[in-house]
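S.K.: These are the residues of each chain, in order.
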Amino acid sequence: MATELKASAAAVQDGTGTLAPVTAAQKAAHARRSHYEPSTFLERGTVIPFTTRALAQCRVRLDDRERLEVVLPGFSGSKGVYVTAFTSLPEITTLSVHDRTLTEIVATEKVVTPTGIRRCWLELATTGIGGQGLAEQAREELARAAEVQVSTRIMLLLDTVRRGGGEIGQELIATMASTEGRSQVRTMLGGAASRAGIDAVAIDQHIEDLAELLGTLGLRSLPEPGRLRHLHTRMQEFSHAIDNWGRTTVSDLAHIGRFAAMSADHSAGIAGRAIAEVDRILADPIRLMARWDSSQKNLRGYLLRIAWLLDGWDYVLRIWDDAVAERMAIDVAVKEIGRIIPIVPAREVDADAGRRSVELFREYRSRVRVFEDWLSGELDEDMRARPESQTAGQGEEHR
Amino acid sequence: MTGLVSAEELEQRLFTLQPRQFLELYRLYEKLGNKANVQPEMQILRRRLVRMRPVRALTLSRLLCQPFEEFLVNEATGDTGLIMRRSCTAIARLVRRKLAPELLRRFEQRLLHLNQRPEDRAGQILLGREVWKAAAAALAEVRCGPARSPEDLRRRFGLITGCLEIGEAMVSLSRGIPEGRVDTLDDSGRKLLVKLLRGLPHDRTGHARYLMAMLTRRLENPASVIQMLAREDRNLPGATRQNLIRVIRGEIESSIGASAAALLVGEAGTGESVRRAERLLDRLGQIKASGTATPKTDRAARDIADTLGSIERLISVETLQQDRQEQIRQLLPTELSAGLEHAETYRELESEIDNVIRLGDRIDTLGVDNPLRQRRDRLRRDIDGRRAEMMRRLADTPADPEMQARARAGFYGLVRMVEMLDGPKAAENMRRDGDRLLAG
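Chains A and B, in that order, give the protein sequences. Taking the working numbering, the leading residue of the first sequence gets 1, the next gets one more, and so forth. Taking the working numbering, the leading residue of the second sequence gets 400, the next gets one more, and so forth.
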């Protein structure tokens, strides 16, 4: 069953059954309660990469009874979000076969995190059900992650051996993947193992686990960054670009451009701090190995956080690229960006950043249209009634 | 470029820089000026600049080119009313040579001052007004000899001089239209256009054609300007409106005619031809919808349809890189790389189906003979044949996971094409049937 979370009431009914005027404070309080302003990542949900236009950038999350539900921002041009059961999606709109199959997979596996959804989507897309373009994109992404994984492992081994007082030569790097090469490397890890207080085999295994874990981010020192690191850089570029556009354009949508720039800057800033934390942990591999359990847990936490923070931005950047390359009208692109812009939930960040998130949510819903209150973005019944009463009055005069 | 770092390495390093670092580096290069020895690096920087769009420092060349900015193109398109971007340097050099050194120095000083206050748009226009006037006067003295300058070059030269002569109006109109693809003028754009037309000096009223040419080039639906002008009976005299409508109609006809004639596969490749054809058909559709079609635009529509019909296969994807496919095959497990087996054939088929549908639908709206309709039927028969063959083979697929993955990838690729031709419901039924057969 669908629920409209849009603010609706602008007047409250008193005990006598007549409509009483609403104060500004009441309106603001009502707006806070009734608007979509998720306070956690789980509440915001994860973007599910549907190809059906009407469902672009909808988010999947768990409801109170742990069932999957989907959040559709600005569905059918409305201002709020539309929330419905995940399984009822085919009843709302005609889904492409890709989307229908993805819905089935997500429902079966019941995944709601960005990494889980991404994995499901990549596996499905490689089959070609969403078209060969998507399949190619998915295979390329998986292959890049595998390459980043290999490079990360080599870099971590080189660094760990060096810190243990050894040096891996060029010949050994070339044969590292072989059984013989691996046993040679393990011998060289002895110095680091004794410093970390664990055995060399465990260190080698930990490095392999780390490389797998870092496939989407990669190390700072790698020439080819991982997907998330690259996305983070692109977000900063986007923030510059759309801010410049917002400042120089004559379009009515300039304010959405500036809002998008602020949101990108905010998310990228917080993600940047999480990435810096990952880099800090990886800067001293011996220390990391010595405290493997806690460090690994921390790393996993930071990586998931980065994935949450950057979730939904790749689509925004793709639209912007299309607009810049004139494959799409810029006004259409900016409107679409304004509809789906991801904002960091306030409870997921510290107090200062949280305040900024609240400001951004306020900015998001206060894009005022006709008959809407400019502070809350609510439908202003008084304002709506004014022209109606004027028309009625004119009608009486004419009579 | 140093001998120690290759262009590819340099590009890789520049693209991994943080945006702020990159912008600092760009500013440094910009201070070096437009010198030949930094051009290779600037070419690399520009590729990232396109994405970042920073506010660029105003130079005399940039200011000079602002009035005809909308007519600049990166590569020849066959349209005669356009100027190659790379010729800007030569134009600026010519103007510099012709201007008095004292005047040039004064301009440079004011530019330096303006660059410290990038938000001072009024200051830029004030300086621009003087620069454009002086440049127009300087270029008017240049004689294009008949022996060295063909007719086309003289026309382009005339366009540059004309735009400079009404530089302020050209720049105002250009800035009054939002960047990127814009369909039509909004209300503020309409008011601005009327104001600019009314404000043209008496001896420059003929220059309105440059404003109209800009709109033809800039708007996706230039025919909307004709309708708009027809409604401006309060602000513009009847004769002026009729003249302007004639001018813009002529501009549209010549622009579409030239582009339709240039739609040859041999020159641009099918991908580029399809992209251009789609844009042209969109434009023609809008002209027809606005009721401003002329015999010339109808002929252009027929020519485009014929050209598209003569292209043997409407495939607009490039060939896959074989070495990269091999790398991917080695990097990924079979379940994820199984689709590569059919990738080349399927993406070509998909591209052809996509182009035939998109272009065919557009041709249909123009009411001319559609040579792509038969092709669509032929593609459907082809896919139906493949589908029947695939369904027969699916039932015999062994239970081995790798074989299953291969069969599924081959089958799902066909499902997608059925979806494109017959819609999601038919495709969904096909998928369910196939999955059932695969599950045994």
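One thing to keep in mind: the hints can contain errors.
Just a sample of chain B residues kept apart from chain A, beta carbon distances all over 12 Å, derived [said to hold, decoys possible]:
no., residue
1, Pro453
2, Leu493
3, Leu731
4, Val767
Keeping only pairs whose Cα atoms sit at most 30 Å apart, straight-line, the calculated BS3-like set for lysine-lysine is [what the hints assert, rightly or not]:
no., chain 1, residue 1, chain 2, residue 2
5, B, Lys497, B, Lys430
6, B, Lys687, A, Lys335
7, A, Lys110, B, Lys824
8, B, Lys590, B, Lys532
9, B, Lys532, B, Lys497
10, B, Lys687, B, Lys824
11, B, Lys594, B, Lys430
12, B, Lys497, A, Lys335
13, B, Lys594, B, Lys532
14, A, Lys297, A, Lys110
15, B, Lys594, A, Lys335
16, B, Lys497, B, Lys590
These aren't lab readings, by the way, just hints derived from the structure by calculation. Owing to the predicted nature of the structure, the values given are computational and were not obtained by experimental measurement. Note that CB positions come from ideal geometry on N, CA and C, so glycine has one too.
S.K.: With reference to the structure, classify each hint as holding or not holding.
M.R.: Do the hints match the structure? See the list:
no., hint, in the structure
1, Pro453, "6 Å, violated"
2, Leu493, "29 Å, holds"
3, Leu731, "6 Å, violated"
4, Val767, "26 Å, holds"
5, Lys497(B) / Lys430(B), "25 Å, holds"
6, Lys687(B) / Lys335(A), "28 Å, holds"
7, Lys110(A) / Lys824(B), "25 Å, holds"
8, Lys590(B) / Lys532(B), "25 Å, holds"
9, Lys532(B) / Lys497(B), "13 Å, holds"
10, Lys687(B) / Lys824(B), "34 Å, violated"
11, Lys594(B) / Lys430(B), "38 Å, violated"
12, Lys497(B) / Lys335(A), "47 Å, violated"
13, Lys594(B) / Lys532(B), "21 Å, holds"
14, Lys297(A) / Lys110(A), "23 Å, holds"
15, Lys594(B) / Lys335(A), "29 Å, holds"
16, Lys497(B) / Lys590(B), "37 Å, violated"
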